[in-house]
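Chemist: Hey, can you piece these two chains together into the complex? The hints should help.
This is what each chain is made of:
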Amino acid sequence: MLVAFTLICFSSSAQKYLGNRLEKLDSISTVEELDIVQLSESDDWQSLETEVPNLGLSDTEQWVRLVLDPSSENGKLIEVQNAGIDELEAYVICDGRLIASFERGVMNSYKHEDAIGTYPTIPIPLVECNRMVVLFSVKSSKPSLLPVRIAGPREVLEDSHARDVLFAAYFGVILVMLLYNLFLFFSVGDKSYLEYTLFIFAVGGTQFVLNGYGTYVNLEAWPWLNLRVTQFFGVFSGLTTIVFVQNFLRLNRYVPWLHKLLSFYFIVYLIAFGLAISGQLIWSYNLINFCAAAIFFFIPGAIITLRKGYKPAGYFLLAFTIFIIAVLVFVLKDTGVIPYNAWTFFALPLGSAIELVVLSLALASRINQLKKESALAREEQLRISQLNERMVREQNTKLEERVKARTSDLEEMNSTMRTTLEELQSTQQQLIQSEKLASIGQLTAGIAHELNNPINFVSSSAQSLRRDFEDMNEVVEALKALNPNDANLPQEVDKIKSHLAQMDIEFTQKEIDELLKGIQDGTQRTSEIVKGLRIFSRMDGDNFIQAHINELIESTLVVLRSNLKNTAEVACFLADDLPAVSCQPGRLNQVFMNIITNAAQSMEQLDRDRSENLVSIHTSQVESPGQSWIEVRIEDNGKGMPEEVKTQIFDPFYTTKAVGEGTGLGLSIVMGILSDHNAEIDVQSEVGKGSEFIIRFPL
Amino acid sequence: MIHVLYLDDEVHNLTAFRAAFRRDFHVHVTTEPTEAVRILRDQPIEVIISDQKMPTLSGVEFFELIMPDYPNPIRMLLTGHADIDAVIDAINKGQIYKYISKPWNELELKGLVQEAADLYHQRQAMASEGEQLMERMSQARTLASHILIMTQKEQNPSEKMDKIGSLAQQINDLLGG
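Line by line, the protein sequences are chains E and S. Residue numbers are given in my numbering: position 423 of the first sequence equals residue 423, and the series is strictly consecutive. Residue numbers are given in my numbering: position 32 of the second sequence equals residue 32, and the series is strictly consecutive.
You may find that some hints are simply not true.
Unchecked claim - EDC-like, lysine to aspartate or glutamate: derived pairs with alpha carbons at most 16 Å apart: (1) Lys139(E) with Glu61(E); (2) Lys565(E) with Glu32(S); (3) Lys565(E) with Asp9(S).
Derived by calculation from the structure, the hints in this document are not laboratory data.
Excised from the complex, chain S in its bound form (with noise of 0.2 Å):
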C-alpha cells in the first residue's frame, strides 16, 4: 500500500482524510511540520500532501524545507483559495507535482495519489535501472581495460586471445548483448 503523509493544521482535516483513505492507503497524518519530517524520516513515504495556509510555515515553505533531504516523494499542495502566484511559484520551481484545492473530491484526490504514487515507483524504478546500468558500464569499462593490459604484455598469443575472448564475451554479457 502506498504510504502517504498529509500536513495540515486543521485536526479535522487530518481526521477526514484518514478516515477517508486509510482503506486504500497507509495514511500518515500530523499538525506539526517537525512531525512530517521525523515521519519522512522513518516511514517510506511516496506522497506528500500538505495544506498551503498554516500558522507557523506555508506549504510552499515545507516543501522547500524538505527537499534537500527527501527529493523522491511526490509532492501535492492543497490549498484552500486559489493562491495562484503561490502555485504557479511552486509549479515552476519544480516543488510540486499538482494542486488539490479544498474541499477536496474524494475520489479525484484518490486518482491523484495513486497517480502520484505510480510516478514515484516510475521514477524509482528508472533509477535503479539507471544505476545498474552504470554498474555494467564501469564493469565492461574495468573488462576493457584489461584487455589493453594484456595486449601489452609478451605471452604466448595463442593464450593471449583465449582470455581476450573471454574478457570480450564478458563485456557483450555486460552491454545485455
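Bound conformation, chain E alone (with noise of 0.2 Å):
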C-alpha cells in the first residue's frame, strides 16, 4: 500500500510534464556555491528522457538541470508535483550567473512562505537572459519522482484548487468513514470498529502528508517529526491493516498460516518503526516496501475464508481488489506503460475511498454475520436449554415416574415383608409356645403321676384306718362293757383276749402306725410337689425379681422326678449360701428343666441299668477378675456329642431326636434366655463318656 503512496506524484491537469527536458548528473563530488555555474554547464548532463524521471532513494543531493526558454517561460512556476522530497533547492542561472536560489522540499516549506498550492514552485524569474538554466539538488529518503512541469501562476493555483477539491471530498470520505466508524466503536462496542477507524485513519493519513497537506498542519515546525512522518504513517497503516485484516479475516481461525504470517510482518513493521526513529530513514522505507507486498496475501486469504462460508470476506476481496487494481494502476502510470493522467493519477485515492467504503460495508456485514452468527448462537443455545430444560423435564418425569414405581415396588415389599415378618413371627411364637406346651405335656403327665402316688395312699390309707380303728373300737366298747364286779369277768375277758388273737392285734398296731406314716409322708410330699410347682411355674411373666437358682433346681427336679423315675438317678450338689440373683425364675426352669430332661434322654438310649445313668447338678460361686458369678453344671454320663452337634445345637430346629419328638426348638430357646439373662452357657462333650453344661449367671 505505501508503494502506492510513495510513488504517487498528483497531477491535476493533462498537460505534459517536463521529463524530456531534464538532465541529471551522474557522478558529482562536493559543490560548492561557487561550483554551481560550472557545473550547470557541465559536459557530463545527460538527458533522462521520460516523462517523469525518478531518482529514487538516495541520502545525498542528486542534481537535474532544466534548461528554461526565456522567452516564453519568463515570470512562470516551475512546478515539482511531489509534495514528499525530503530536501529540494533550485539554482536558477542566467547567463552564466547565479541569480536565484530556492529552498523547497519538506525540511524546507517552513521557509517557502510564498508558495502557491501543495506542491514545491520555483518562481521563474523576469530577467531579460539568452540562456537560463535550473538546477535543482535533491534528496530524499522517499523515491524522488520528478513530475515537473512549467505553468503560469494562475494556472498552478487552479489545479491546485481542483486537487484540492478532490482531496478535499476525498478526505472528506476518508473522515466521514473515520467519524462513522468511530461513532460505531462508540455505539457498538465492536472492537474491529476502532481498528477500521485506526487503519482509515492510517490511510487517510498518509495520503494527507503525501500530497503536501501537512503544511495545513503545520508540520514543519517538528522537522523531525516532518522528516519521519511518511514512515510513521507507513508503519503506522500497516499496522492497522495487519490488525484489521488478521481481525476481520478471522485468520486465526479460517487461515492460520496467514495469520503467523501477518505476524511476522508486524513484527517487521515494528523494526522499521525503530529503523525511522532511529534516522535510518532509507533502510526504513525499504523494510516499509518489502512488508507492503503482503497486501497481495489478502488476495488468497480472503477467497479461502470466504470458501469457508465466511460472507463479509467477499466484500473484503472485492475492496482489495479495487485497491490492488488503483495501486497496478498507478505504478503502471508511473513506469509509463498506461498514461499520467488525471484519472490514472487519482486511481490511487479513489481506489483507496472505495476500498474503504466497500470495506465499511464488509465491516457492517460482518457485523451482521457477526449478529446473525451471535443470534443463531443464542438461538441455538436457546434452542439447546429449551431442549435441555424439555429432557430435563421429561427426565424429571420419568425419574418421578420411576421414583414412583420404585416406591410402590418398594411399598409393596416392604408389605409382604411386613406379612412375612408377622407371620414369621407368629409361627415363632407358635414354636415357641408348642415347645412350651409340649414340655408342660411332659411336665402335666410327670406331675399327675407324682401326685397321684400320695393321693392313692392317703386316700387309701384313710379308708383302711378307719376299719382298723373300727376294730380296735370293738375291742374298747367290749373293754368298756367289762364289769369287775361280774362273775364271769374271766371268761369275758378271756374272750376279748381270743378276740384280739383272733384279729391280730399287733399286726393293726403296726399296720395303723404304717398307714399314719403313709398318710403323714403323703401330705407332706403333696405339698412339697405344689410348692414345686407354684415355684416352678411362677407366672410371674417376664418380670425379673430376685430368686435363688437352688430353689428353682430342686423345684425343678421335683416336677421332674416322675419323668426322671426311670430314666436316670439325679444327684444334686448345691452350695449352701448362694446370694439371689436377679431373673425370670418361671423361664429359667424352663432352662434347667430342658437341660436336665436332655441329659436323662440321653441316657435312657443306652442299654444299661438305670441306677448307671447319672445326671449330677453342681451349684457354686466362682470369681473371674472383676465379675462374680453363679455357675451351674449339669453333667451327665451319657453318650455325649460329637463336635458337629456339640456346634449346632443351639440351632434353632436342629435335632437329632427323631421326627416328631422334638421341635428342635429347646436348646435355642434356653439361648435366648440365658442371653436375656446375660448369662454364659458353655458345653463340653465327649463321644461315649457325656456331655456338660456350664452355665454362669452373673451377679
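Modeler: Next comes the structure, spelled out in C-alpha cells:
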C-alpha cells in the first residue's frame, strides 16, 4: 500500500511533464556555491528521456538540470508535483550567473512562505537572459519522483485548487468513514470498528502527508517528525492493516498460516519503526516497502475465508481487489506503461476511497454476520437450553415415574416383608408356644403321676385306718362293757383276748403306724410337689425378680421326678448360701428342665441299668477378674456329642431326636432366655463319656 | 382266699393296699421285681397287680418277663396317668386283663380282683376238664386199638365177641355215655 502512496505524484491536469527536458548528473563530488555555475555547464549532463523521471532514494544530493526557454517561460512557475521530497533546492542561472536560489521540500517548507498550492514551486525570474538554466538538488529518503511542469501562477493555483477540491472530497469521505466507524465503535462496542477507524486514519493520514497537506497542520514546525512522518504513517497503516485484516478475516480461525505470516510482518513493521526513529530512514522505507508486499497475500486469504463460508470476506475481497487494481494502475502509470493523466493520477485515492467504503460495507456485513452468528448461537443456545429443559423435564417425569414405581414396589415389598415377618413372628411364637406346651404336657403327665401316688395311698390308707379303728373300737367297747364285779369277768376277758388274737392286734397296731406314716408322708409330698410346682411355674411373666437358683433347680427336679424315675439318678451338689439372682424364674425353670431332660434322654437310649445313668447338678459361686458368677453345671454320663453336633445344638430346628419327638427349638429357646439374663453357656462333651452344660449367671 | 401279688415301687401304696384288702385276700406285696418272681414261685398267686411306672422296669416289661414261666395268673396294670400307648400295647399283646388308674377305688378294685380270680379259676377248671377229656380220649383210642388187634386174632368167635363187647362198653363209658 505504501508503495502506492510513496510512488504517487499528483497531477491535476493532462498537460505534459517536462521529464524529457530534464538532465541528470551521474557522478558528482561535493559542490560549493561557486561551482554551481560551472556545474550547470558541465558536459556530463545526460538527458533523462522519461516524462516523469524517478531518481530513487538517496541520502546524498542528486542534481537535475532544466534548461528554460527565457522568451516564453519567463515569469512562469516551475512546479515539482511531489510533496514528499525531503530537500529540494533550485538554483536559477542566467547567462552564467546565479541569479536566484530556492529551498523547497519537506524540510524547507516552513521557509516557503510564498508557496502557491501544495507542491513545491519555483518562480522563473523575469529577467532578460539568453540562456537560463535551473539546477535542482534533490535529497530524499523517499523516491524522488519528479513530475515537473512549467505553468503560469494562475494555472498552478487553479490546478491546485481543483486538486484540493478532489482531495477535500476524498478526505471528506475518509473523515466521514472515520467518524462513522468511530461512532459505531462507541455505540456498538465492537473493537473491530476501532481497528478499522485506526486503519482509515492511517490510510487517510498517509495520503494527507504525501500530498503535501502536512503544511496545513503546521507539520513543518516539527522537522524531526516531519522528516519521518511518511515512515511513521507507513508503519502505522501497515500495523493497523495487519491487525484489521487478521481480525476481520478471522485468519486465526480460517487461515492460520496467514495469520502467523502477518504477525511476522507486524514484527518487521516494528523494526521499520525502530529504524525510522533511529534515523535510518531509507532502510526503514525499504523495509516498509518490503512489508507492503503482504497485501498480495490478502487476496488468497480472503478467497480461502470466503470458501469456508465467511461472507464478509467477499466484500473484503472486492475492496482489496479494487485497491490493488488502483495500485497497479498507479504503478503502471509511473513506469509509463499507461498514460499519466488525471484518471490514473486519481486512481489511487479513488481506489482507496472505494476500498474504504466497501470495507465499511464489509465491516457492516461482518457485524451482521457476527450478529447473525450470535443470534444463531443464542438461538442454538436457546434451543439447546430448551431441549435441555425439555429433556430435564422429561427426565424428571421419567424419574418421578420411576421413583413412584420404585416406591410402590418398595411399599409392596415392604408390606410383603411385613406380612412375612408377621407370619414368621407368629410362627415363631407358635413354635415357642408349642415347645412350651410340649414341655408342659410332659410335665403335667409327670406331675399327675407324682400327685396320684400320694393321693392314692393317702385316701386308701384313710379307709383302711377307719376299718382298723373299727376293729380297735370293737375291743375298746368290749373292754368298756367289762364289769369288775361280774362273776363272769375272767370268761369275758378271755373272750376279748381270743378276739384280739383273732384280729392280730399287733399286726393291726403296726399297720396303723404304717398307714399314719404313709398319710403323713403323702401329705408332705403333696405339699412339696405343689410348692415346687408353684415355684416352677411362677407365672410372674417376664418380670425380673430376685430368686435363688438352688430353689429353682429343686423345684424343677420335683416336677421332673416322675419323668426321671425310670431314666436316671439325679445327684445334687448345691452350694449353700448362694446369693439371689435377678431373673425370670419361670423361664429359668424352662432352661433347667430342658437341659436336665436332655441329659436324662441321652442316657435313656443306652442299653444299661438305670442306676448307671447319672445326672449330677452342681451349683457354686465362682469369681473371674472383676466379676462374680453363679455357676450351674449339669453333667451326664450319657453318650456325649460329636463336635459337629455340639456346634449345632443351639441352632433352631436342629434336633437329633426322631421326627415328631422334638421341635428342635428347646436349646435355641434356652439360648434366648440365657442371653436375656446376660448369662453364659458353655458345653463340653465327649462321645461315649457324656456332656456337661455350664451356665454362669452374672451377679 | 384269693392270692394277690402287688408290685409297686411306692411302699406306701403297698401298705395301703395290704391294709385295704388283707381281710378279703391273701395279699403279697413287694417293691422289687425279683422278690415278686420269688413270690410267684412260692405262692399260688391268682392275680398279679403291677404299677406301670417303676424305676428299674415298667409294669408291662415285668409282665413280659414273667409270662413264659407264669402264664396263668391274671395280670392287671396300675397306672398313675393314662399312658394310653403302653396300655393299648399291653392289652393287644394279651399281657393284661384290666388296667386300673390311680387313685384306685377300693370297692371297684376289690371287685376287679375277684373277677380276675374267677376268670383264673374258670380257666383253671376248663384247663383241667380239657386234660381229663384228653386222657379219656387216649384211653379210648388204646381200647379201640385193642379191638382192632383182637379182630385179626383167630380165636373162638363167641369169646372174641364177648371181649370186643366189654371193650366197646369201656369206650362208651370213657366217652361219657
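Chemist: Run every hint past the structure and note whether it holds.
Modeler: Hint by hint, here is what the structure shows:
This hinted pair checks out: Lys139(E) and Glu61(E) have alpha carbons roughly 5 Å apart, not beyond 16 Å. Between Lys565(E) and Glu32(S), the direct Cα distance comes to roughly 15 Å. Compliance with the 16 Å bound is thereby established for this hinted pair. Taken as a hint, the Lys565(E) and Asp9(S) pair is honoured in the structure, with Cα atoms around 10 Å apart against an allowance of 16 Å.
This entry satisfies every hint, going by the numbered hints stated previously.
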